[in-house]
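Trainee: Starting from the known structure of chain W, arrange chains V, B and S on it as the hints suggest.
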Amino acid sequence: MSRYSVFSLLRHAATGNRGWQRAWRAAAPKASYDVVIVGGGGHGLATAFYLAESHGIRNVAVLEKGYIGGGNVGRNTTVIRSNYLLDGNTQFYEFSMKLWEGMSAALNFNVMFSQRGQLVTAHSADQLDTFSHRANVMRSNGIDAEILDRDAVRKLVPYLDFSDTARFPIHGAIFQGRAGTARHDAVAWGYARAASGHGVDIIEGCEVTDFVRQGDRIVGVETTRGRIGAGKVGLAVAGHTSVLAQKAGLELPIESHLLQAFVTEPIKPLVDHVVAYGADHFYLSQSDKGGLVFGGNLDGYNSYSQRGNTGVLREVCEAAIALMPNISRLRLLRHWGGIMDMTPDASPIISLTPVDGLYLNGGWCYGGFKATPASGWCFAEMLATGETPALVRGYGLGRFRSGHMIDEAGAGPFAWLQ
Amino acid sequence: MTPTEKRLASGGYLDRAQVLKFMFDGRQYSGFKGDTLASALLASGISLIGRSFKYHRPRGILSAGAEEPNALVTVGAGARREPNLPATMLELAPGLEAASQNNWPSLRFDVQSVNSLFSPLLSSGFYYKTFMGPSGRAWMFYEHSIRKAAGLGKATMMPDPDVYDSRDDFTDVAVVGSGAAGLSAARAAAQAGARVLLIEQDFEIGGRLLSEPAGAAWLSAMRTELEEMANVRIMRRTTAFGLYDGNTLALIEDADPFAGPAMNAGRKTFTLLHAQSIVFATGAIERPMVFSNNDRPGVMLNSAIRAYVNRYAVLPGRNVVIATADDSAYLTAFDLLAHGARVTIADARPLAEPTLLAKAKQMGAEIHLATNVADVKGKYALTGVVLAGKSGTTGVSCDLVGMSAGWSPVLHLTSHQGVKPVYRPEIDAFVPGQLPETQFVAGAAGGSLSVSAAVTEGTSAGRAAAAVAGKAGAVAEAPALEIEERAGPTTVYKPIFGQRKAFVDFQMDVTLDDIQLARREGYESVEHLKRYTTLGMGTDQGKTSNINALKVMAKLRGISIPEAGTTTFRPPYTPVAVGAVAGRATGHHFRPHRLTPIHDWHTANGAQMLEVGLWMRPWFFEASGPDVNTAYVNEMRHVRSAAGIMDISTLGKIDIQGPDAAAFLDRIYANGFASLKVGRARYGVMLRDDGIVFDDGTTTRLGESRFFMTTSTAKAADVLSWLEFLLDTAWPDLRVSVSSVSDEWAGISVAGPESVKILAAAFPEIDFSNEALPHMGLADGTFKDSPLRIIRLSYSGERAYEIYVGASNGGNAWRHLIDVGATYGLKPYGVEALGALRIEKGHVAGPEIDGRTTLSDLGMGRMVAKRSGYVGEALSRREAFQAANRQRLVGLKCTEPGKRLRGGALLFAPGEPLQGHGRGRMTSITYSPELDCYIGLGLLAADFEGDEVIASYPMKNEAVRARVVSPVFLDPAGERMHG
Amino acid sequence: MLRIDCPCCGTRDHSEFRYGGDATVERPACDNPDLDAWYRYVYVRPNPKGLHREYWQHVLGCRQWLVVERDTVTHSIHSVSFSRRQRA
Amino acid sequence: MVETLSAKRMVLEQLPCPLIQCDAWEGTFAAFKAALAREIGGALPTQVGEIAGRGGLRVVRAGPRRFWIFPSERSATIASGIPPELGCRLDLSEGRIRIEVSTPDLRDVVSKCLAIDWDRTLGVATFSSLHRIPVMFTRFSERDGEFVVPRSFARSISEWLEECQ
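These protein sequences, in sequence, are chains W, V, B and S. When you read off a place in the first sequence, starting at 1, and then add 41, the result is the number in the working numbering. When you read off a place in the second sequence, starting at 1, and then add 1151, the result is the number in the working numbering. When you read off a place in the third sequence, starting at 1, and then add 302, the result is the number in the working numbering. When you read off a place in the fourth sequence, starting at 1, and then add 334, the result is the number in the working numbering.
In isolation and in its complexed conformation, chain W is listed as follows (with noise of 0.2 Å):
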């Protein structure tokens, strides 16, 4: 694998770029594998380079049906943050965190990792204090957070509605600077590289269809291309996980939901922080392209179709005025869905199984982007050990059943409402 640098791109521009290579391999499958990984998104391509990058596992292949990144790394809005309140989430995220921190590097890929900051307003002093609590187990953790006033909220943002008008009036901030945006595309081709480059194959064009088992343990997957033998199974498949656990006979805590994303036309920088809505499900970042990027909520119903409706449409827009009302005349170039893996406690799933070699990453409800390091690190550690690491302790399947929900809205068991 030849190095990404300024001297390389000199170089080939030098020679017409004709003398690129593949960033990653195409690789053919092989009879079998020590890890084989079905799910050739962010986390599934990142558990793999980990597998070979810290763990020395190298004969490992990862299965995608599509085409690598299709899925949630490639269709969300792209904040990377860490500010979590509940025990296990802050420690897991900010983990996360420095990962993204030093990816770039890591990777020889530049993820355009951007840490501009993100702020999510507050509409009352209750809310505030809410956002202080966070603030605090924030900083308790080492972890840089801020709260801001209203006036320094518009020191910071002066684009938003402070007018008389505003429904719902901004009454403060709370502020991580080091939380930001990447290039959502490039995490996944980053990792596939990288573990490419490792020696691991990324197999695309290429469907798990079943799994192969002898006696109690899974062995193998069927694929569209042929069986593969695996010593270890690792799912990480986002919205489909119900789905393929089923084929290995497990029923999930889990519903598949929809989350739209929407992107506006380019324009000259206008938003230079990542700014949440506190007052309703809304939020939005300007892409280095210049497109306004906003998220909102679900849509609320069971779903695997990648495409969202009308009803988020309407309120996002709407938010997005209540908001910033100078991006009213700005024209929105497109939207899209994703399929998100709903826990009842939006918090995921990284978790041995109760069958033998079946290892479970999912329930990212719409968390996953930001973990991607921190999940193919803890994931890696997982298949490569056997054991559960101590960072993803509370992420195991069993604790619905015990209590231990990480429930940070505390919305309950209605995976629409998380």
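What the hints contain is simulated information worked out from the structure, not anything from laboratory work. Check the hints yourself; a few may be wrong.
Stated by the list, open to error - Label-pair ranges, simulated between beta-carbon atoms:
| no. | chain 1 | residue 1 | chain 2 | residue 2 | range |
| --- | --- | --- | --- | --- | --- |
| 1 | W | 96 | V | 1710 | 32 to 42 Å |
| 2 | V | 1918 | S | 411 | 25 to 35 Å |
| 3 | V | 2064 | W | 46 | 37 to 47 Å |
C-beta atoms are modelled at their ideal positions from N, C-alpha and C, and glycine is treated no differently.
Mentor: Chains V, B and S only, in chain W's frame:
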């Protein structure tokens, strides 16, 4: 050629009587009503319109429609500035001010056009390969400049002064597109008896017929017929931009700029159109050819040249090279020749229709077969082309190049719902796949490129669409439309490799080289190609580039076009203003306001109001103090020393009746209600199925089978739906009716030692003695002509009454109490004081009932000690809920003089490092005037030892000592309220 | 919008409805103390890719809880009925 | 609110809305209907949304087992004789406001308020959502209609209607 020579003396769909002056880049020009900005600029001799996204190359006008990738302008100024609008879709209107964009200092001398020199370095995805060092935050440094260079136009920073509308509409049949197919479909469906809505994105009806002089009479007759039919509505300037579930089309309509300042009309209108059936008659878009410098101003689609000549009466060039791989380009050549232009035809195919060739020759065209354009000369205006044929290359001088590489049906809408397009090799195009039974395609949108086919298919689609809506009236044959037409390629156009600066996606500056690079690096699936090169990601959504890119990739990979993939089209078809979708739900009306019956009194009497969900509630009263912190303490003191009055109308109220009402309550509340006596109230707590506390409130038994429940303000709607869910799905055998009466009753709380005197004076017919109306007792009555319900309940710990009176007399009852109570010192208080009073009594509220706490956590475990069969019981017995370190409700009292507690502080043991999540947290705090210190409620680990905590508040660098005490700070025996 | 054909109000936008999730999971009797039965009812979902029976309440209309059969891939709705008559 | 020329085209009036709700238990609907019909002296509407009127009384079927009775004035007696084993009665006369609207632009205004097919609203009580608020809309002609809305939202909805004009 001077501008006046470019405008033809006659013809076109122009109102030459209406001369419109407009501005472009600070200079004034003029055009006619019926022009677009693009046609008016062309007529004025302007062909350089803008700069490209990445290389800042000069760009002109490629098309005459929504597919335009190049001619993007910014319209308006100040708060009305709107960037990135295609000049080809901008209806020329009085006072239009447009400007070119993405250039500095000027359109002609753009500093960043230097980027073009470095194009090998700025190849697709170059940014993924660099900007990574030296420090970890290197990208943040480079990103600043990259962001500035990217983006197209500038958005305004000012709030939009215009209004928009967002609405819903219904029809039997929606017809999208008003060309020959759409008009025929609309007519047929209407004749069959259906309600028809015809949608046209242009300001003129007619679609491509507007470029066909021979179709004018047919078009005019058809338009008149439709306009006269009562069951046909026509929406012009309206784009159907998305197809959604339930046969819903999303439309965006521009206001008619000639309608004058309409009364309060929206600048744009967003419509969700719910149709029984839909006919897609959306036509087709011509594809550009890919050759070196094919992006130069003066290179146009052949169909666009026809539109400018015939519809807009503009002759964009007099010396024209027509490059084609398609017969339809000959029609362009004929039109140009007829207007005296010199025409050279470069047909990529070895053969063309002999009759076409003969006619072209006869009219004076020079024809080169098996010949492609290899290069274009001239930067801001064309000087010539290099033609490459079998015999080598030739230079030909020209001032305009037309090109056509075939047609792409506009199938975007049909694929929004996941119907995959299908490739038809004989027309070298994708057509819509199998559509649902309620959707139809007619004409070019389905790949039938001839006008006669459009009429036939339109008519049958219209008839079928009407039938879906149950309308099957007789449909007369459509009038014949006879025009010369040539369509369809005889060979598939293939881009020729090896050409430099041959653009595939004009707007995103993606060239043949970029696609080859992507392929080399393995980004070869169509989605990877798009994401890596940004192909198709522009405001034109790649309408002219998608198919060409697919062809290039297919050829590079040596596979067929369908094997290379298709592209997913996502809504919107054309960009849609965010404000239009929001409509009137902006500013003050973002969400509705909910007002209590006493609202006007509050605002007239110095209440500082607060948004609580949708409700407006008094936060505090100015008479109590200048700011909330002073005011609430004074209001608390007043309640405890005399009496306070509070508007509690926002509480959720539910009427529950039926023979099984008591049994029902016994299940939905964790604590028992069957034993509640008629005329008495009880505090109740509901759990969710998972054993977590859901809501609390009081319920009063009005009769043997009738109860009056109150819920928290926030959960009112959720609780009612939950009760209905249980009755409808789980326990349909219970005869119980539940109804919201939240709006029925105004709620007023009067609390304090003087409260009983005030009540007695206000309602003399009611006996307020302890015997007649004890704590938790009920009294009924009437006030004026409204019902009155008085329940003796206390949230503050003082003797208190909740007075519920029919909402129509809520304001009257409040004023009556204020008047009567004046003698006893009655004063109003707000939610801040209410929250503080309850803390002194240790009552839990929202901060404690946070969706994670159980009954035991909140110190109410003994309520259910002997019960079973209530909602949430089984899962409340889970292991985690019994854990020794489970956080439970405690009272906390600040023990450091001069210091205060804060909500959201973390609790630690003294001496413990103040790190991590702590042993608990402070949920609610207040200054207690009674105790003269800060007190709070908190959740603290049950296995915490000792009676002192450190309340750490890192955000203010505070760590304050507090004593762990009972949450009931005041009057634990309850003597005051029973008193 | 999904367009849900309420059996008594006619076809309406789903924004008039409140979603209630999977309608196939069996609610244990209210006095059933079996933790496992409740765990399965509250948490475990078949989550089918395809036909899904689900609860919706026409909360801004007739307030009835309905059972809707809907395809989770195409979103097409196959049937709508009152929850109550389901049980009767 | 901006005073526009158009605002004067709309006449909007807020009026009290006496209302009695009657619910049947499951399985008792036939007997309940008979009892209620006797109480109010006439046949009941059969379809949800259908309005039956006699004298000063309008009866609307509001759900499968629910009727809404709109008397011209408050009454403690209407439908008070329904046997408790058949169903129940609830006086809701305080909680709603009737907003009568008259404007030549009614169709346009309604299209910005309700996702309801205009052609199906004439003489029918439509229970729907206006800006997320439950309302009952009935149209009497091309220009006259009424919204029955929760009292607490009446002002917000009135302003919305006026601004939609």
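Trainee: Each hint: holds or not?
Mentor: Results of checking the hints against the structure:
For the hinted restraint 32 to 42 Å between residue 96 of chain W and residue 1710 of chain V, the CB-CB distance of approximately 38 Å keeps it satisfied. For residue 1918 of chain V and residue 411 of chain S, the hinted distance range of 25 to 35 Å is satisfied, since their beta carbons lie about 28 Å from each other. Roughly 44 Å separates the CB atoms of residue 2064 of chain V and residue 46 of chain W, a value that falls within the hinted 37 to 47 Å.
Against the hints set out earlier in the document, no violation occurs for any number.
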